[in-house]
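> Each chain, written out:
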Amino acid sequence: MQALLVSNALLWLAVLALGCVVLALVRQIGVLHARIAPVGALDTGAGPRAGSPAPELLVDDWSGRRLRIGGASEDGRATLLFFLSPRCPVCKELLPAVGALAQQERGWLRVVWASDGERAEHAALVRTHDLAARAFVLSTPLALAYRVGQLPFAVLVDAGGTVSAAGIVNTREHLESLLEAHARGVPNLQAWRASQAGDRVVGMTR
Amino acid sequence: MSLPVLDPALQAVLRASLALLFGLAAAHKLRAPRAFALVLAEYRLLPDAASLPLAVGLAATEIAVAVGLCAPALAPVAALAAALLLALYAGAVAINLARGRDAIDCGCGFGPRPLGAGLLLRNALLVGAALAAALPVSPRALGTVDALTIAAGTATAALVFAAADGLAARRARTA
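Going down the list, the protein sequences come from chains A and B.
Take 814 as the starting number for the first sequence in the working numbering and just add one per residue.
Take 11 as the starting number for the second sequence in the working numbering and just add one per residue.
Calculated directly from the structure, the hints in this document are not laboratory data.
Being a predicted model, the structure only gives us computed values, none of them experimental.
A virtual CB, placed ideally from N, CA and C, is assigned to each residue, including glycine.
Be a bit skeptical, because a hint or two may be false.
[Stated by the list, open to error] Heads up, incomplete: computed chain B residues facing chain A, CB under 10 Å, no partners named: (1) 58; (2) 62; (3) 151; (4) 154; (5) 159; (6) 161; (7) 170; (8) 180.
Work out the full structure: start from the sequences and follow the hints.
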């Protein structure tokens, strides 16, 4: 009886320890996911193609200022279009990160926040995230022109008016990877993987 | 037909695990009730105005279930309520999957996760556990070894659930 008790207690200890290890491994996978894929957001096939000219539109922002989206930029800065909706919780979680990004990268990057729908629906969002002072646009034509399907969606347009990268951005990492894609000239994750595979093939034949 | 009986230690593990799950779920909802209300609104099953009261109501029900599971007199009823609640969630997920609205956040874990068949499987397993927790027990006095079984069994259940659910959520997000 005593022996069984000891063995039982020992087994439980082992099971619990293994459970902790498995949980730690699962979390580690998440960390690796955030680190492994440095380039490009997830390209869903919808939205503008990287390398194609960005659709040109004139839109009014929340406070009535006229903005030009697409085309060669007047101040030589690239444009990041961040598509959101007041009904998308992930978008709201990302808003502070987008705001910080706009502040940090303002030297070369103009950020435009874009949504569509009723103005009243957005009032609370504009208040909490101080969007009135920023380039916040309510425009259905804009969302249609950029063929936005799933949210939160972001499009990076370079200073010449060409789409450098576009995709769904669920996390801060995705968002930063758009900028990374711009910097490295690789439009999305799929293209990055393809180019890596190409390198390996070259390496083998050498 | 008579119901199968369960060993009391096994039943205690089931009840404690479910109570832990519901307690944590309610705490997570109550920490950000407005965010959860937005998630509920995206299910598009009820008018928007009902989302916040529903969010708070669901959290309160989950607390009641968690507390009920710990009280021997109330536990069978609480376990059935837990099964019903889990089936209700699965139904809401199934309706939106059928509508093709699988990109919405399920609001069912500790991070954003899209809807999927995996969630239905998860809830089916949990409904099974909840129904089992409502079964009568065989008469047996619990001893000190049972205390070890119950405590370690519950902790293991929590760890395995967290790991399996974490993996499934990651798969769903990156699929």
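> Next item in the hint list is residue 62 of chain B. Is there a CB on chain A closer than 10 Å to its CB?
violated, 13 Å
> Tell me if the interface restraint on residue 180 of chain B is satisfied: Cβ within less than 10 Å of some Cβ in chain A.
holds, 6 Å
> Using Cβ atoms only, decide whether residue 161 of chain B comes closer than 10 Å to chain A, and label the hint accordingly.
With a closest approach of 9 Å, the residue 161 of chain B hint holds.
> With chain A as the partner, please determine if residue 159 of chain B meets the hint condition of a C-beta pair closer than 10 Å.
holds, 8 Å
> With chain A as the partner, please determine if residue 151 of chain B meets the hint condition of a C-beta pair closer than 10 Å.
Nearest chain A Cβ about 16 Å off; hint violated.
> Holds or violated: residue 154 of chain B as interface residue toward chain A, Cβ cutoff 10 Å?
Constraint on residue 154 of chain B satisfied, holds at 9 Å.
> Taking the closest Cβ pair, is residue 58 of chain B under 10 Å from chain A?
holds, 9 Å
> For the hint on residue 170 of chain B, does the least C-beta distance to chain A fall short of 10 Å?
holds, 6 Å
Figure legend: structure checked against the earlier numbered hints; hints not met, in rising order: 2, 3.
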